[in-house]
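Can you make the complete structure from the sequences, with help from the hints?
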Amino acid sequence: AQSVTQLGSHVSVSEGALVLLRCNYSSSVPPYLFWYVQYPNQGLQLLLKYTSAATLVKGINGFEAEFKKSETSFHLTKPSAHMSDAAEYFCAVSDREGYKLSFGAGTTVTVRA
Amino acid sequence: DAGVTQSPTHLIKTRGQQVTLRCSPKSGHDTVSWYQQALGQGPQFIFQYYEEEERQRGNFPDRFSGHQFPNYSSELNVNALLLGDSALYLCASSLWDRSYEQYFGPGTRLTVT
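Chains as they are written, first to last, in our numbering: chain A, 199 to 311; chain B, 9 to 121.
What the hints contain is simulated information worked out from the structure, not anything from laboratory work. Certain hints may be false.
To be clear about the criterion: a stretch of chain A counts as covered by chain B if any three or more of its residues have a C-beta under 8 Å from a C-beta of chain B, and this derived list gives those stretches [stated by the list, open to error]: (1) 236 to 245; (2) 297 to 304.
For lysine-lysine, the following DSS-like pairs were computed, each having C-alpha atoms within a straight-line distance of at most 25 Å [what the hints assert, rightly or not]: (3) B:Lys-34 with A:Lys-247; (4) A:Lys-247 with A:Lys-267; (5) A:Lys-266 with A:Lys-256; (6) A:Lys-256 with B:Lys-34; (7) A:Lys-267 with A:Lys-256; (8) A:Lys-247 with A:Lys-266.
We put the beta carbon where it would ideally sit given N, CA and C, even for glycine.
What follows is the structure, given as structure tokens:
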């Protein structure tokens with residue numbers, strides 16, 4: 199069974215600072231990995247996905263994530279935070295059959311002016 | 009290109025009642041998955057429908073049932089509502105052969121009193 203653990207339920211960063219959200223996965227087979235963002239009272243928007251191509255994945259809004267098999271990690275980064283990045287972020291994993299996504303508990307990002 | 013749509017946006021029900029939530033998939037998608045997101049948690053997989061059949065099911069009781077129509081739209085039914093069923097219910101659509109790549113709707117907020 200696949201699972202993900204997001205380290206840190208809340209992250210606060212200054213505008214213009216690096217955003218780093220941590221995600222570690224557990225999977226018995228090579229996984230597919232995803233980051234989603236959720237703004238208040240909205241659904242989930244796909245930021246980026248890893249499906250066994252390049253290990254460094256670039257997504258929307260300047261976010262990127264690196265798949266590190268040796269560390270079973272898929273951390274999300276953005277070099278310079280913007281006020282509009284304030285939201286909740288979820289890491290998710292799927293097996294190759296892909297019938298369901300298993301989500302982490304989420305990390306809430308606040309951005310200080 | 010129409011995205012995933014869900015109705016209604018909000019719903020208030022009383023314990024013991026039954027509820028039906030509706031989802032229209034993204035144009036071109038043939039597979040619909042349903043998730044329950046309790047407050048402060050990540051989404052949990054309920055079930056997935058393809059070709060009008062339930063293909064996979066998560067750890068949810070039989071009170072939760074669904075249906076998929078020939079036009080690929082779907083319904084989620086919950087019987088004998090409990091207070092603990094209060095949550096955001098998310099619908100996600102995908103292509104069957106790429107069902108790991110799921111696109112989410114805005115969700116239906118269900119409150120059970």
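To see whether the hints hold, each was checked on the structure:
no.: 1; hint: 236 to 245; result: holds (count 6)
no.: 2; hint: 297 to 304; result: holds (count 8)
no.: 3; hint: B:Lys-34 with A:Lys-247; result: holds (19 Å)
no.: 4; hint: A:Lys-247 with A:Lys-267; result: holds (15 Å)
no.: 5; hint: A:Lys-266 with A:Lys-256; result: holds (15 Å)
no.: 6; hint: A:Lys-256 with B:Lys-34; result: holds (23 Å)
no.: 7; hint: A:Lys-267 with A:Lys-256; result: holds (18 Å)
no.: 8; hint: A:Lys-247 with A:Lys-266; result: holds (14 Å)
In summary, this structure violates none of the numbered hints.
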